[in-house]
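S.K.: Protein chains in written order, with my numbering: chain Y, 29 to 159; chain P, 29 to 159; chain U, 29 to 159.
Hints were generated in silico from the structure; no laboratory data involved. There may be inaccurate statements among the hints.
What the hints assert, rightly or not - Here are a few chain P residues that face chain U, going by a calculated C-beta distance under 7 Å: (1) Ile58; (2) Ile62; (3) Thr75; (4) Asn77; (5) Glu78; (6) Asp81; (7) Asp87; (8) Asp93; (9) Pro97; (10) Thr123; (11) Pro125; (12) Glu127; (13) Gln130; (14) Trp136.
To be verified - Covered stretches of chain U, as calculated for chain P (at least 3 residues, CB under 8 Å): (15) 38 to 46; (16) 68 to 74; (17) 98 to 107; (18) 152 to 159.
Note that the Cβ used here is the ideal one computed from N, Cα and C, for glycine as well.
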Amino acid sequence: MPTISLESHHKNEMIEVTDRVRQAVDKSGIKDGIVHLFTPHTTAAITINENADPDVVHDMLTILDRLVPLSGGYRHLEGNSAAHVKSSMFGCSETIPIENGQLTLGTWQGVYFCEFDGPRKRQLQIRILPL
Amino acid sequence: MPTISLESHHKNEMIEVTDRVRQAVDKSGIKDGIVHLFTPHTTAAITINENADPDVVHDMLTILDRLVPLSGGYRHLEGNSAAHVKSSMFGCSETIPIENGQLTLGTWQGVYFCEFDGPRKRQLQIRILPL
Amino acid sequence: MPTISLESHHKNEMIEVTDRVRQAVDKSGIKDGIVHLFTPHTTAAITINENADPDVVHDMLTILDRLVPLSGGYRHLEGNSAAHVKSSMFGCSETIPIENGQLTLGTWQGVYFCEFDGPRKRQLQIRILPL
């Protein structure tokens, strides 16, 4: 199974992986189907959102931090309970249609690996299912 | 690929599309598999929730607005950062099993296109994968 | 379609179902593909998160309760609007790759049925798609 290796450099970060996903779809030779992305981590996520203005990603991470404060009398001693909740809110998988060999992403959509407890080395698994 | 065209009329809105998804599944002739729904927009989402009492949808949109305020010192100049976060929280895709030609939705479940930055014209893509 | 029957015992609860999902994958004999999990309820969800330290689950449910208060002047008379929002935030479906007959879950990942309006009897549907 194709896998993308990543390295995050900040506590919270959204790393765009659209091109690497496109390359995996190209390489598979599958023209029509879906691509399934999965990250095997519990303090990370995969999401699809705007990749035109980097301020969107900045605002999204800021809003999430306000919603789920880093500390809040949590029991889990590792101190990353907020990251676990963010992971489940955005979700550790995403699925995108493939048509004529292309992802059917919208004009402003990019695929992001979301780091919520970095910096760390991370993985993203790619499964491509034909129609 | 079957596509549903939609038009939203409010800033925030949940538009039920269950019947249109059912029609696409019927037309495909596929009896067992999954239907994958994907919206190519960054300020919209797809979700499955109650379609019996319209107050549920009203409350859900109200709660989301309280959680992610429309303005909050965001950097993104288009002023729709809240909508981008809501999009990633609910997600731009959904997947439902098909069994004996029917969606296996529960009694109270309906499929919703979620608008978070309307009114706009929108698209929803439908991919049906056989088992 | 394989289905898991569950019984929740609390208002909010995350019930691990990883082993039962693994058993369904084993029984299918499918070695490479994806497993799709779907719950036909509107006040429940499926998520993947840490299964090593039970404090993580405790903190996640606490954080969600702080985010989406049980009462807040909601219109829906059943009084479970908060549970409906939590359901859409975590999502009623999840998809995991299968490789060499195994779920490709990370070391710390477990699959959870999330109850947000228990105690109740619940269902979780399992669809396994070969590559």
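S.K.: Does each hint hold? Answer for all of them.
M.R.: Here is what the structure says about each hint:
1. Ile58: violated, 12 Å
2. Ile62: Cβ of Ile62/P sits 6 Å from chain U, so the hint holds.
3. Thr75: With a minimum Cβ separation of about 4 Å from chain U (threshold 7 Å), the hint on Thr75/P holds.
4. Asn77: Holds. Min distance 5 Å.
5. Glu78: holds, 4 Å
6. Asp81: Because about 6 Å separates Asp81/P from the closest Cβ in chain U, which is inside the 7 Å limit, the hint holds.
7. Asp87: Cβ of Asp87/P sits 4 Å from chain U, so the hint holds.
8. Asp93: violated, 11 Å
9. Pro97: violated, 13 Å
10. Thr123: Cβ of Thr123/P sits 5 Å from chain U, so the hint holds.
11. Pro125: holds, 5 Å
12. Glu127: Where the cut-off is 7 Å and the nearest Cβ of chain U is about 5 Å from Glu127/P, the hint holds.
13. Gln130: violated, 11 Å
14. Trp136: Nearest chain U Cβ about 5 Å off; hint holds.
15. 38 to 46: Since three or more residues must qualify, the claim that chain P covers the segment 38 to 46 of chain U is violated, with 0 doing so at under 8 Å.
16. 68 to 74: n = 3 at 8 Å, threshold three: holds.
17. 98 to 107: Satisfied; 6 residues make the cut.
18. 152 to 159: Our answer is that it holds, as 3 residues pass the Cβ test (under 8 Å) against chain P, meeting three.
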